Amino acid sequence: MLESYLRERLKKKDILLMTHIVLGYPSFDDSFRIIETMVKAGVDLMELQIPFSDPIADGPVILRANQRALESGATVQGCFDLAEKATRAFDIPFLIMSYCNIPYRYGTKRFVSSMATRNLRGAIIPDLPPEEGQEYLNDMKEFDLAPILIISPTTTIERMKSLDNFARGFVYCIARKGVTGETTNFSDDLGVYLSQCREATSLPLALGFGIKEKADIDFLKGKAEIAVIGSQTIRTMEKKGIDSVGNFIRSLG
Amino acid sequence: MMNRGYYGKFGGAFIPEILFSTIEELVEGFLDARNSPGFWKKYTDIMSTYSCRPTPLTFAENLTKHFGGARIYIKREDLNHTGAHKLNNVMGQGLLVKRMGKTRVIAETGAGQHGVATATMAAKFGFRCTIYMGETDIARQRPNVFWMERLGAEVIPVKDGTRILKDAINEAFRDWVTNMDDTHYVLGTACGPHPFPEMVSYFQSIIGKEAQRQIVEREGKLPARVYACVGGGSNALGIFSGFLNDPVQLVGVEAGGKGLDTSRHASRLASKDASIGVAQGYKTYFLQDEDGQMKETQSVAAGLDYVGVSPILASLREEGRVRFEAASDREVLKALTLTVKKEGLIPALESAHAFAQAFKEAPDLSAEDIIVINQSGRGDKDIFTIADAYADPDWQEFIKKKAKDYRA
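Chains as they are written, first to last, in the working numbering: chain Y, 1 to 253; chain A, 1001 to 1408.
In isolation and in its complexed conformation, chain Y is listed as follows (with noise of 0.2 angstroms):
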């Protein structure tokens, strides 16, 4: 179970991180390359996102990302193939990332029962709603997988109790109004909404959107158990290489 794996993860560490990559960008084979340096580096766990041609609630570095894996021929058999490879290899549990479109065209039953056999432990599915993914909840309690919810600034604390209703393994809280890849401000309201989170679920707290750097992690200790690192490891890649990017999250710790 996801959970229990943060949970025993975290009697070692005092905040867990957890990255993000693209599947197929800038190609399959360099994506296991930097899972591997991402491994190897000490990230605790992973998402995997399926390149999707409309991903709306990604900025300009994701968005691109996802757009040149399409044009390099990714798909999603391929993505699967590569996820799998990945958990064979290593000993960190990976989460899918994707948009409703992906699961909801390949069937999502299946969808979902492919991730179980692939060892997947999750998905995050940013544009699916509980209100509107009730078959996707049932299916992934159906192969005990963890459907990861999304929290924003935005959402109440009522809607957030509700939330937790559906989440398993951890909740991820987005730390900002806004897309990915731009600038947090780490300050004080961040503690508070985090706090409000803390009420609304027993679940661990995962924070995403504009880390980018150790002074930002340490300020999330005490506060949230997992940190996520998304845009900034692709643009580490893009500037200076996949070997790079196990510098950068090393740097983190």
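Check before you lean on any hint, since a few could be wrong.
What the hints assert, rightly or not - Calculated Cβ distances over 12 angstroms to all of chain Y for the following chain A residues:
hint, residue
1, Gly1012
2, Asp1045
3, Asn1062
4, His1066
5, Arg1104
6, Asp1167
7, Asn1179
8, Phe1243
9, Leu1244
10, Val1248
11, Ser1271
12, Lys1283
13, Glu1319
14, Leu1365
15, Lys1402
As the list claims (entries may be wrong) - Listed next, the stretches of chain Y that the computed footprint assigns to chain A, with coverage defined by at least 3 CB atoms under 8 angstroms from CB atoms of chain A:
hint, region
16, 34-41
17, 61-67
18, 97-104
19, 122-136
20, 171-185
Simulated from the structure, these hints should not be mistaken for laboratory data. Fair warning: this is a prediction, and the values are worked out from it, not measured in the lab. Beta carbons: idealized from backbone N, C-alpha and C, even for Gly.
Use these hints to put chain A onto chain Y, whose structure you have.
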């Protein structure tokens, strides 16, 4: 909001959590306005004093004679201020924005008509305004960009994705999830998450209400068929709404582009190429591949060049209430040429799709039958595209000379 905004199995609100409370607020704001006595009157008042409502219903005597079949009437949405039906929706949403106390509006635009309408509304109501427009559409509809900027809007070219309407919608959503506190997203068509399809159709229903009354006043009976072009579907839903409960055949005409036997079209409901999917916040028929990636679409008319279609229309097709056809780029130019010559009317390339289909069917109907075509917009905005299609040598000479003048 469980299961709200569904039309059959289409619609819904597939939105990121960050927008949940904003959408809730919009749903409440819209229902509150709609239920408030006097709101519709306020809306029709502003449409009759600031725009030209009711727009006329023109009897196309020469076209009727030419085809020798049904009596052809044209609903003149081109006579709206800013030249298209788009203003109906925009002024309605503008009144809503005032009620909700927001100070900034954003919009996507394809042909630029919705962008110009939104910029116009923002100028009149004193809102700040940002318009997202695909780079490809900017290249084919530059005059509209010029006017949006004069009207005080910031026009942001969208360089990602397929660089047309769908990508402009994505960018508008990205702006909205960041700035929703003071910003309203004036979605231009009856697509997107609930309540947009319902709200946009509500404001556009003014077309159908008028057309129904006008044709009955004029002819003493209902038309046999009503034709409208379908991009997202707002002008079609607008005019169809006046006849939904009557024994009137409703025909939606999509962009056939280079032909339905090629992949270069934007026909979701008339072709077999589309399938049900979820994107841009709603469930409908999309032109997508096996994996669910949205495909490139193609049409001579930027305003019809869209990958999805209103969930309300998808449902009306499923019920068999609306028939869908496609007109190719070539047929559209032919219909446009004939309409200009015979009636002195210049329909937009988008609207000319409805004319093209009506012309195919008019000769087979009897002189007792009436058909109504919705001229959703005027075509002078399309001068560059149309001039290219005609390969008009004098126009080309003029452009060359103009370019030379600028270099001087």
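Evaluated hints:
1. Gly1012: At roughly 5 angstroms from the nearest Cβ of chain Y, Gly1012 (chain A) sits no farther out than 12 angstroms, so the non-interface label is violated.
2. Asp1045: holds, 35 angstroms
3. Asn1062: Since the minimum Cβ distance to chain Y is about 45 angstroms, Asn1062 (chain A) lies beyond 12 angstroms and the statement holds.
4. His1066: At roughly 44 angstroms from the nearest Cβ of chain Y, His1066 (chain A) sits farther out than 12 angstroms, so the non-interface label holds.
5. Arg1104: Holds: least Cβ distance 14 angstroms, greater than 12 angstroms.
6. Asp1167: violated, 8 angstroms
7. Asn1179: violated, 8 angstroms
8. Phe1243: holds, 32 angstroms
9. Leu1244: holds, 27 angstroms
10. Val1248: holds, 34 angstroms
11. Ser1271: holds, 18 angstroms
12. Lys1283: violated, 8 angstroms
13. Glu1319: holds, 22 angstroms
14. Leu1365: For Leu1365 (chain A), whose nearest Cβ neighbour in chain Y is about 41 angstroms away, the distance exceeds 12 angstroms, so it holds.
15. Lys1402: holds, 36 angstroms
16. 34-41: violated (count 0)
17. 61-67: holds (count 3)
18. 97-104: Holds: 5 residues of the region 97-104 of chain Y have a Cβ under 8 angstroms from chain A.
19. 122-136: holds (count 6)
20. 171-185: This one holds; 5 residues, not fewer than the three required, reach chain A with a Cβ under 8 angstroms.
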